[in-house]
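Asker: Residue-level listing of the chains:
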Amino acid sequence: MRLCLYAVSSIWKRDMLRLSRQKSRLLGSLFAPFFLLAFLGLGFRRVDLLPGMDTNYLSFLTPGMMGMTLLSASNATSFFLLLDREVGFLKEIMVTPISRLSIILGRAAVGITNAMIQSLILLLAGLVMGMKLSGPAGFLFALVFIILIASTFIGLGLSLASFMKDTFSFGLILNFILYPFLFLSGALYPVDRFPSYMAPLAYMNPLTYGIDGLRYSLLGTNSFNPALDLSVMAISCVVMLSLGAYLFEISEVE
Amino acid sequence: MIFVENENYNINDDTHYNMDKSAISLKNLCKLFQGVQAVDCVNLEIETGELFGLLGPNGAGKSTIIKMLTTMLRPSSGTASILGHDIIQERDAVRSCIGVVFQDATLDKKLTGKENLDFHAQLYGLDRDVRRRRIDEILELVDLRDKADVMVENYSGGMQRRLAIARGLIHHPRVLFLDEPTLGLDAQTRRSIWEYIKELNVREDMTIVLTTHYMEEADHLCKRVAIIDHGKIIALNSPQELKNSVGPDTIIMQIKYCNELFLASLSSFSEIMAFDASEGQIVLQVDDAQSRIPQVIIEACMNRVTVISVRAVEPTLEDVFLKFTGRSIREGENTGDLTTKKCLQRMGS
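Each protein sequence line maps, in turn, to chains A and B.
Going by my numbering, 191 is the number at position 191 of the first sequence; the sequence numbering is gapless.
Going by my numbering, 13 is the number at position 13 of the second sequence; the sequence numbering is gapless.
By construction, these hints were calculated from the structure, which means they are not laboratory data.
Be aware that a few hints might be false.
[To be verified] Derived BS3-like pairs: lysine-lysine, alpha-carbon spacing no greater than 25 Å straight-line:
#1 Lys13(A) x Lys132(A)
#2 Lys110(B) x Lys165(A)
#3 Lys243(B) x Lys91(A)
#4 Lys23(A) x Lys243(B)
#5 Lys110(B) x Lys13(A)
#6 Lys13(A) x Lys232(B)
#7 Lys165(A) x Lys109(B)
#8 Lys23(A) x Lys232(B)
[As the list claims (entries may be wrong)] Which bits of chain B does chain A cover? Going by a derived footprint, with three or more residues having C-beta under 8 Å, they are:
#9 95–106
#10 114–120
#11 235–249
#12 288–295
All C-beta atoms in this analysis are idealised placements derived from N, C-alpha and C, irrespective of residue type, glycine included.
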């Protein structure tokens, strides 16, 4: 157990060291959400598009774009794990006595850190553009949601990565996942505005609850009960991460 | 040209090795890849402290054996044990006592040499002080101390290989696996890695198993060699014994003014098993070329024959492979006449 934690921290430290040398990787998944935030948020700022929304659109959009950042940063984690396998670095770790689980947990920890840094940079950008925060306590609560969202999608990425041996087709698949999850999550407008045939899909999407939770923490507005948000995210985080770890582990045994 | 074959050789002559002394023991180890028998029921005992070589052409199953022994692949049937730990049942115990340097060893190019070693040492649970001491020690050993803080992407091929070997040694394994340790390296780097491997074996009393398709490498380094072809061990012995099993040595002399007297005196030598004289050249087959050369030269002088040059040609492991498989170890190579080929090889090197 102690050795396992030690290994997780070693893997985390190694990747943080790499990350600090590859700044582009750190900022890689920030561009799309940043531009969406800037163009949509600033463009629609003066338009009272959505009656019933008690904040301006930019404030409403920022948590949604943080969700998008978390989604793509988490996907990048499994992409890099797959890349490590392809170049053979994973093999070098596999011959050491550390458990498979600690390799995956170490990588998940890296992904969570990376996703967290990116989403906080985006939050900062939102604040600069004129978003209003509700209070400091909400910020800490938002961190919890950030971790839960990141873990859920790292789990999903790992599950998919176990079926895909080819790194590049996996990269393509990730794009197909990103947009449906994003658009069906209430990131751009509230879920109750969804057409009736689309709403069920949004209710099945864990990101819906994650973004709603973020919005509640940061702005104080919400569509669902925050307790529901938290419990849905906690359950999906545990389920997806264990499923991902399990599938990835068995995919290693030839 | 006929080589006298030594029929005393027996593949199973390793049975006298005491089981307790075995560092590695393979029992009917098999691996099937989509119906193809990559490793075909291999039985083998490798002694503690032995420098053992698996020699064979590409695709013979050497790397597959190594992958199974290092717990990276699960055998289709049969098993093996390393220092008494079963490779299927006790994977973690096996992993903690072995070091592995893969054929395509992958280092983290975005880290420095030191950081690479430190990361790997951490995975074996070594604490900070031990890590620092071992890293210094090992960088000294592989002669990379002045490059310790250089990013690995700026290392040359030979330096990367040395670092990969250093990484395999950082936790002081009792058994070290080297998969094609000098593949693609230049002659000078290869020599220094050879010396280094030998030193490790002797000084640390480390059991070392290496795979190679370079004859000279197996010949130069290994105490015993198993020649592998199509997933089977086809010959197993010390390099010297294996070469002796192929047949006699050859002496090739360039001479001037050859006369019947000289030829007659050569045929009276009991050590000379066969000889063949043609225009200015005499090819002799003897038991030991090096020690027969002086006698032959003396004989030539006494018969007033001028010797221009003398060359001794001894069988190589290549010839051993040829003998057991009927083909050359490098696929597609035209085997041709053995002596001419060997002469060409000698001249080339």
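Asker: All hints are to be evaluated individually against the structure, with a verdict given for each.
Answerer: Verification of the supplied hints:
no.	hint	verdict
1	Lys13(A) x Lys132(A)	violated (35 Å)
2	Lys110(B) x Lys165(A)	holds (24 Å)
3	Lys243(B) x Lys91(A)	violated (37 Å)
4	Lys23(A) x Lys243(B)	violated (58 Å)
5	Lys110(B) x Lys13(A)	holds (13 Å)
6	Lys13(A) x Lys232(B)	violated (44 Å)
7	Lys165(A) x Lys109(B)	holds (22 Å)
8	Lys23(A) x Lys232(B)	violated (50 Å)
9	95–106	holds (count 8)
10	114–120	holds (count 3)
11	235–249	violated (count 0)
12	288–295	violated (count 0)
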